[in-house]
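J.: Sequence:
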Amino acid sequence: MQASSAQEEPITAINITPLVDVALVLVIIFMVTLPYLMEKALRVRASNDKVVAVSSITEPILVELSQTGLTVEGRLVPVVELAGVLRAMMAERKSGAVSVLAQRQVSHGRVIEVLDCAMAAGAQELDLLDPSEESHGPS
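This note's numbering puts the first residue of the sequence shown at 2, with every later residue one more than the last.
Treat each hint with caution, since some may be false.
[Unchecked claim] Restraint-style ranges between C-beta atoms, simulated for each label pair: (1) Leu-27 - Glu-126: 39 to 47 Å; (2) Arg-76 - Gln-106: 17 to 25 Å; (3) Leu-27 - Gly-85: 39 to 47 Å.
Note that these hints are calculated values from the structure, not bench results. Ideal placement from N, C-alpha and C gives every residue a C-beta, glycine not left out.
Sequences and hints are given; from them, build the entire structure.
T.: The structure is reproduced here in structure tokens:
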């Protein structure tokens, strides 16, 4: 009789094993799908533009990002003033082309911040230049 009374006592401990199992499965699912989601977050299209005559090409404004700072056409510019400086230079040149050259050590967040500033300034053409190439201007 004592054995049956021991079985009738309510279980007061909470079994968290199923909760942990579900949490770990969700973590694994997020870890597997995150790289695919990040690829879609920032898509850069390759240009399919036709070749344009040399006389109609305007020189883009060169923005360089390095660990030491941000330069526009060789002039050191604070990030907070970047949109205003770009807006003035685009009005002066009558061109909306901006080329961004970022060293590999610069974080992607800073590059996106510069691209956002260029878009806010009214840039119509944005180019991302490869820092491993020797020259970045027209030859």
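J.: Which hint numbers does the structure go against, in order from smallest to largest?
T.: Checked against the structure, no hint fails, so every one of them is satisfied.
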